[in-house]
Amino acid sequence: MTDLTRITVAQARDGLKARTFSATELTQAHLDAIEAAKSLNAYVLVTPEKALEGAKAADARLAAGEAGPLEGIPIGVKDLFATEGVRTTACSRILENFVPSYESTVTANLWRDGAVHLGKLNNDEFAMGSANETSCFGPSVNPWRRTGSEVPLTSGGSSGGSSAAVAAGLCLGATATDTGGSIRQPAAFTGTVGIKPTYGRCSRWGTVAFASSLDQAGVITRTVRDSAILLRSIAGFDPKDSTSADRPVPDYEAAIGRSVKGLKIGIPKEYRVEGLSPEIDALWQRGADWLRDAGAEVVEVSLPHTSYALAVYYIVAPAEASSNLARYDGVRYGVRVPGKDIAELYENTRAAGFGREVKRRILIGTYVLSAGYYDAYYVKAQKIRTLIRQDFENVYASGVDAILTPATPTPAFGIGEKANASPVEMYLNDVFTVTVNMAGLPGLAVPAGLGAEGLPLGLQLIGRPFDEETLFALGEAIEQAAGRLDAPRWWS
Amino acid sequence: MNAPAATQNLIKGATGDWEIVIGMEIHAQVSSQSKLFSGASTAFGGAPNDHVSLVDAAFPGMLPVINAECVAQAVRTGLGLKAQINLKSVFDRKNYFYPDLPQGYQISQFKHPIVGEGEVIVDLLDGRRIVVGIERLHLEQDAGKSVHDLSPGESYVDLNRSGVALMEIVSRPDLRSSEEAKAYVTKLRTILRYLGTCDGDMDKGNLRADVNVSVRRPGEPLGTRCEIKNVNSIRFIGQAIEYEARRQIGILEDGGAIDQETRLYDAGKNETRSMRSKEEAHDYRYFPDPDLLPLTFDQAFVDGLAAELPELPDAKKERFITQYGLSAYDADVLVAERDTADFFEEVARGRDGKAAANWVINELFGRLNKEGHTVSTSPVSAAQLGGIIDLIGEKVISGKIAKDLFEIVWSEGGDPRVLVEERGLKQVTDTGAIEAAVDAIIAGNPDKVEQVKLKPTLLGWFVGQVMKSTGGKANPQAVNDVLKAKLGIE
Amino acid sequence: MAVDEKTVRRIAHLARIRVTDEEVPHLRNELNAILDFVAQLDEVDVSAVEPMTSVLPMELRQREDVVTDGGYAERIVANAPQSDDNYFVVPKVVE
Ligand SMILES: [Mg+2]
Ligand SMILES: [Zn+2]
Numbered sequence: 001m002t003d004l005t006r007i008t009v010a011q012a013r014d015g016l017k018a019r020t021f022s023a024t025e026l027t028q029a030h031l032d033a034i035e036a037a038k039s040l041n042a043y044v045l046v047t048p049e050k051a052l053e054g055a056k057a058a059d060a061r062l063a064a065g066e067a068g069p070l071e072g073i074p075i076g077v078k079d080l081f082a083t084e085g086v087r088t089t090a091c092s093r094i095l096e097n098f099v100p101s102y103e104s105t106v107t108a109n110l111w112r113d114g115a116v117h118l119g120k121l122n123n124d125e126f127a128m129g130s131a132n133e134t135s136c137f138g139p140s141v142n143p144w145r146r147t148g149s150e151v152p153l154t155s156g157g158s159s160g161g162s163s164a165a166v167a168a169g170l171c172l173g174a175t176a177t178d179t180g181g182s183i184r185q186p187a188a189f190t191g192t193v194g195i196k197p198t199y200g201r202c203s204r205w206g207t208v209a210f211a212s213s214l215d216q217a218g219v220i221t222r223t224v225r226d227s228a229i230l231l232r233s234i235a236g237f238d239p240k241d242s243t244s245a246d247r248p249v250p251d252y253e254a255a256i257g258r259s260v261k262g263l264k265i266g267i268p269k270e271y272r273v274e275g276l277s278p279e280i281d282a283l284w285q286r287g288a289d290w291l292r293d294a295g296a297e298v299v300e301v302s303l304p305h306t307s308y309a310l311a312v313y314y315i316v317a318p319a320e321a322s323s324n325l326a327r328y329d330g331v332r333y334g335v336r337v338p339g340k341d342i343a344e345l346y347e348n349t350r351a352a353g354f355g356r357e358v359k360r361r362i363l364i365g366t367y368v369l370s371a372g373y374y375d376a377y378y379v380k381a382q383k384i385r386t387l388i389r390q391d392f393e394n395v396y397a398s399g400v401d402a403i404l405t406p407a408t409p410t411p412a413f414g415i416g417e418k419a420n421a422s423p424v425e426m427y428l429n430d431v432f433t434v435t436v437n438m439a440g441l442p443g444l445a446v447p448a449g450l451g452a453e454g455l456p457l458g459l460q461l462i463g464r465p466f467d468e469e470t471l472f473a474l475g476e477a478i479e480q481a482a483g484r485l486d487a488p489r490w491w492s
Numbered sequence: 001m002n003a004p005a006a007t008q009n010l011i012k013g014a015t016g017d018w019e020i021v022i023g024m025e026i027h028a029q030v031s032s033q034s035k036l037f038s039g040a041s042t043a044f045g046g047a048p049n050d051h052v053s054l055v056d057a058a059f060p061g062m063l064p065v066i067n068a069e070c071v072a073q074a075v076r077t078g079l080g081l082k083a084q085i086n087l088k089s090v091f092d093r094k095n096y097f098y099p100d101l102p103q104g105y106q107i108s109q110f111k112h113p114i115v116g117e118g119e120v121i122v123d124l125l126d127g128r129r130i131v132v133g134i135e136r137l138h139l140e141q142d143a144g145k146s147v148h149d150l151s152p153g154e155s156y157v158d159l160n161r162s163g164v165a166l167m168e169i170v171s172r173p174d175l176r177s178s179e180e181a182k183a184y185v186t187k188l189r190t191i192l193r194y195l196g197t198c199d200g201d202m203d204k205g206n207l208r209a210d211v212n213v214s215v216r217r218p219g220e221p222l223g224t225r226c227e228i229k230n231v232n233s234i235r236f237i238g239q240a241i242e243y244e245a246r247r248q249i250g251i252l253e254d255g256g257a258i259d260q261e262t263r264l265y266d267a268g269k270n271e272t273r274s275m276r277s278k279e280e281a282h283d284y285r286y287f288p289d290p291d292l293l294p295l296t297f298d299q300a301f302v303d304g305l306a307a308e309l310p311e312l313p314d315a316k317k318e319r320f321i322t323q324y325g326l327s328a329y330d331a332d333v334l335v336a337e338r339d340t341a342d343f344f345e346e347v348a349r350g351r352d353g354k355a356a357a358n359w360v361i362n363e364l365f366g367r368l369n370k371e372g373h374t375v376s377t378s379p380v381s382a383a384q385l386g387g388i389i390d391l392i393g394e395k396v397i398s399g400k401i402a403k404d405l406f407e408i409v410w411s412e413g414g415d416p417r418v419l420v421e422e423r424g425l426k427q428v429t430d431t432g433a434i435e436a437a438v439d440a441i442i443a444g445n446p447d448k449v450e451q452v453k454l455k456p457t458l459l460g461w462f463v464g465q466v467m468k469s470t471g472g473k474a475n476p477q478a479v480n481d482v483l484k485a486k487l488g489i490e
Numbered sequence: 001m002a003v004d005e006k007t008v009r010r011i012a013h014l015a016r017i018r019v020t021d022e023e024v025p026h027l028r029n030e031l032n033a034i035l036d037f038v039a040q041l042d043e044v045d046v047s048a049v050e051p052m053t054s055v056l057p058m059e060l061r062q063r064e065d066v067v068t069d070g071g072y073a074e075r076i077v078a079n080a081p082q083s084d085d086n087y088f089v090v091p092k093v094v095e
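Chains as they are written, first to last, in this note's numbering: chain A, 1 to 492; chain B, 1 to 490; chain C, 1 to 95.
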């Protein structure tokens, strides 16, 4: 029998429909894999009863011919999504005991379509980080290792649990969120596919907020097709989110295999940043060649304000976060550390409940919004954000259909390897991804082969607003050319 | 702002005259079924945390969605204040920590409010008219409520009010006395109630005022102001201003200086005192709420609301004066509440306006006040009151009988015309019957007959006697005429 | 616009996060490093640029004024560290 943890969502869907295996078997296989892969620390909570119950119900619906589009597909959920009756922590001590009485719209959409809930996946605390090292549960571990090395590597962040679990076969697909690169960077680090859709494509309702104007839910999967399948389920208009787009959700899977002939692909010259490794540069070249071979036209484009994106991000995101995280005050839910009065209760609770990185970002955000600095920092950053978006609009107006860039400046690094790096150095991880969030555009990370150290490298495709279909078509072309990557399962 | 001070407003201090300068921020609860950004009920007085949604309690991942009716109500109010309506406005977050503020910020409008400059015309009891400038009106969320007396050492937090829509209406510092301030709030409340955008119920905290008070020598620049927070009755607004102005004058006359601060009015002690806990450096870190987009609508939306606006008190007052010939005072009294004005108009329809106003204001209001009724619960309907007025006009009853009839209708109800018939209250206009009564009185009082020839004012005594003998039903004019003729008085 | 230790304490208090004496110098250095990094934005001329107010060109949707939510006080206080009779309980707040 095939290893049910090595198949794709599409294959699982076919196998379930053909009754080659049952949803219960499929789910059990994943629960066993999770059990065997505890050392990866991908899951922070496994919900086996819920999963098997869901699988049983899925089997019943499959038998009755009432299967939903994701019937019986086992999914892992980033711990940023509120799940009803299932502890949701954002991997922060401050929420370590929080059990929501509500279900996020994104996950509710998955369950509506028949998916099976395996459990909650590790992430950086409140999604703030690029290596999953800020999680109060400790870092998730990349299934990939450097050739001949046993040094544990990061699976990226903030959706590090999602990327590790997908790469390791601990779920068929995972939900994730992306504020500055938190889907695409971990996907690139683990040889998986990650889609951050257009801002407003997926509801933010019930997802713990980091930076409201940048946050967007998406998925990490093993293939481009799987991303297309899952995105169709989680996307859609939600009247409970004022920033949700009221427009129909296309059949993304139909874009898989669509010809890319004649598409115009932009290569932004400003992404040739200083310190870009020759390996990544070569990968980028190769990606362009693959698309050209598939019939696309590759042109150089200019996104002149790219170099400011990271600085803008490190004003806007902390500013919004400082306000979004004000609700964690020890009064209505979460952890409380008493004090002699209410002010002390707040200060004690938040000092003990938040980790270093979260506190650092709250402080910087508080500072840039404070009296006398607001215009110089926040307003200025939002103005440059307008310029960044205009850069993209100009490129798209010139007839470019999508933009190709590297996903990350380096392959995965060792856990703790950058412990002494300055915050700014860590932030450089997001250099290629963050502009996309600034402009609210869709971005797809696709594995493009292994680097010299034997680690996966990823390319990023950036699309027009709400044109995820073109990204899937192009991503499929790259996947076809590069081939799929399968992590060695050294832990079992 | 530097217009000469109305002399009646000056306060005599030990060292000369002082002028009070007052500006107000009124928080008016928007009349709506559900909250500004959530679907929870705005009903007053629910069990603790019962009218609270996950959004109002700021659970992780909750998001605001704006209530269309609150937007419309704010625009209606702006129109009623003859104010600039901004087709684009922005919701900001005002960040601060407080147990009754679950999000850690209040969603409010800081830089770009929904309503800009407007004005309120206020007619004062002394006949002066002042125009109070409105700086802005913005929409914002109310906070929850902390209860301090349920447990020693602890406060209990109820979020039922959290997220209810408020309109903050900011006036210019155009008020110069507690009387003007009270008249302004009264007028503003009247306008809001006419518009139906706020019920103005101050007992429930649905209308409350932050009062900014400063004093200065007439003609001098503005002094340092103190803000008295959350005063929740019109009487207290007046008392707080009086106390605060005297306090400030006292300090200044002693050579001291006023600290700009937030103060609290203690109605029990009739004093204001500093709110030390709120004094800590305010740094609200306002920024546009990224969970919301700018609020936009088109002029057609505004025009549609304008077309449906009711007649407002100022216009109604002018109309009452011209259409019914009322005095400005009577018109003011009648337009103070929309339902009184409506009641009056129902009474006045097809009748003499002055008589209608007289009966509504003097008879009905007097009685309603005494019995703790309002126009809406009045035992005498407009149709009944109109019926009584008709009977007077038709000379079927006298004014005196009319008052008796009013009493009967008040306590027993019924159609006045039928009551008059059934109870024999009809005025006697039959000259024969009156003549007989007059003859009897003249015959019985020869001495008075002699006297009245020398002293014609005694005629009143004869009228009284005749009325008495006819049970008050004789037409007084007819009695007069017959007496004069028979007594030979001109 | 370098941040000093006093500012770190003021900001930390505004954010209601207790900081220890040992943490303050580190935080100051980290905040200054970030502020140095973002100082590069000074070179951009934004005099004629509108700040971004919405990520995508969308209008704010308005919902109908109907009561659709609430009425579950038990759920509201279910996760509370301290509650009584469906109230949240906090140390006495003095005005
Ligand atoms: Mg105020
Ligand atoms: Zn206010």
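Source of the hints: derived by calculation from the structure; they are not laboratory data. Heads up, a few of these hints could be off.
Quick partial rundown of chain B residues pointing at chain A, CB under 8 Å, derived from the structure [unchecked claim]: (1) GLY46; (2) LEU54; (3) ALA58; (4) LEU63; (5) ALA68; (6) ILE107; (7) LEU222; (8) PRO294.
The structure displayed is predicted, hence computed values, not measured ones. Cβ coordinates follow ideal geometry from the N, Cα and C atoms, glycine included.
Quiz prompt | When the least beta-carbon distance from GLY46(B) to chain A is tested against 8 Å, hint result | solution = Violated, because the Cβ-Cβ distance from GLY46(B) to chain A comes to roughly 18 Å (cut-off 8 Å).
Quiz prompt | Supplied contact hint for ALA68(B), tested at 8 Å Cβ to chain A | solution = violated (12 Å)
Exercise. May I ask you to test the interface hint for ILE107(B) with respect to chain A, counting a Cβ-Cβ separation under 8 Å as satisfied?
Key: With Cβ-Cβ at 11 Å, over 8 Å, it is violated.
Quiz item: Can we keep the LEU54(B) interface hint, with Cβ of chain A closer than 8 Å?
Solution: This interface hint holds because 6 Å falls under the 8 Å limit.
Exercise. Please verify that hint: LEU63(B), Cβ, nearest Cβ of chain A, below 8 Å or not.
Key: holds (5 Å)
Quiz item: Close enough to count: is the Cβ of LEU222(B) nearer than 8 Å to one in chain A?
Solution: For LEU222(B), the interface hint is violated, since the closest Cβ of chain A sits about 23 Å away, which is over 8 Å.
Exercise. Go through the hint on PRO294(B) and say holds or violated, using the shortest Cβ distance to chain A against 8 Å.
Key: violated (11 Å)
Quiz prompt | Given hint ALA58(B) near chain A, where the shortest CB pair must fall under 8 Å | solution = holds (4 Å)
Comparing the model with each earlier hint shows violations of hints 1, 5, 6, 7, 8; every other hint is respected.
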